[in-house]
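Protein sequence lines, in the order shown, are assigned to chains G and D.
When the letters of the first sequence are read in order and numbered with our numbering, they come out as residues 1 to 112.
When the letters of the second sequence are read in order and numbered with our numbering, they come out as residues 1 to 117.
To be clear, the hints were calculated from the coordinates, so they are not data collected in a lab.
It should be emphasised that the depicted structure is a prediction, and the values quoted were computed from it without experimental measurement.
Treat each hint with caution, since some may be false.
To be verified - DSSO-like cross-link-like pairs, simulated, lysine-lysine; straight-line CA separation at most 27 Å:
1) D:K71 x G:K42
2) D:K71 x G:K111
3) D:K57 x D:K14
What follows is the residue order along each chain.
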Amino acid sequence: KQEVTQIPAALSVPEGENLVLNCSFTDSAIYNLQWFRQDPGKGLTSLLLIQSSQREQTSGRLNASLDKSSGRSTLYIAASQPGDSATYLCAGNRAAGNKLTFGGGTRVLVKP
Amino acid sequence: NAGVTQTPKFQVLKTGQSMTLQCAQDMNHNSMYWYRQDPGMGLRLIYYSASEGTTDKGEVPNGYNVSRLNKREFSLRLESAAPSQTSVYFCASSEAGTGGSGANVLTFGAGSRLTVL
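Modelling step: build the complete structure from the supplied sequences, incorporating the hints.
Below is the structure:
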């Protein structure tokens with residue numbers, strides 16, 4: 001069974017600092033890896049999807065990498081802003097299809 | 001631009017009562033999902049529907065039933081609510097089904113907060 005872990009559970013950084021969020025998974029047979037953002041009381045918004053054949057994806061200040069051999073994915077957010085404050089969740093699926101297994105999330109606070 | 005719409009947003013039930021959470025998407029997606037989110041536990045898949053006419057169990061299906069009414073709508077029913085079902089429920093949809101390597105980006109609804117007393 002795929003297990004997905006995100007450490008730390010919470011993170012606080014000053015504005016302008018780069019954010020590094022970690023996601024580890026137990027099954028190297030992961031197919032796709034997704035990163036989501038969740039604002040308090042809201043649903044999830046997809047940020048980046050790394051498909052099985054890819055090693056990283058980039059969107060603006062966000063970059064996500066996937067290393068299947070080590071069972072890790074990392075989300076980098078450059079030059080953090082207070083608007084980046086949210087909970088970030090990673091999720092993977094073991095085979096083609098969409099039965100995602102989620103990590104517990106990392107709650108990020110960017111202080112002005 | 002509605003995306004995924006869930007109703008109701010909030011509901012309080014007494015133990016043993018039944019209710020149905022409704023979900024509709026307007027993106028012509030094939031697949032739909034129900035997740036629950038509990039503090040510190042991330043999201044867990046309850047049921048999913050890979051395509052119209054099919055449903056399958058996820059990680060935590062006990063105490064729930066689902067109906068894929070048509071391509072747009074996927075409902076979640078609690079027949080006899082229990083306090084352990086107090087949670088925030090999210091519906092999601094995506095283009096691809098369980099086969100192939102199509103993009104699997106999920107679009108989520110805003111959530112339904114359920115409290116069972």
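The hints, checked one at a time:
no., hint, result
1, D:K71 x G:K42, "holds, 24 Å"
2, D:K71 x G:K111, "violated, 44 Å"
3, D:K57 x D:K14, "holds, 25 Å"
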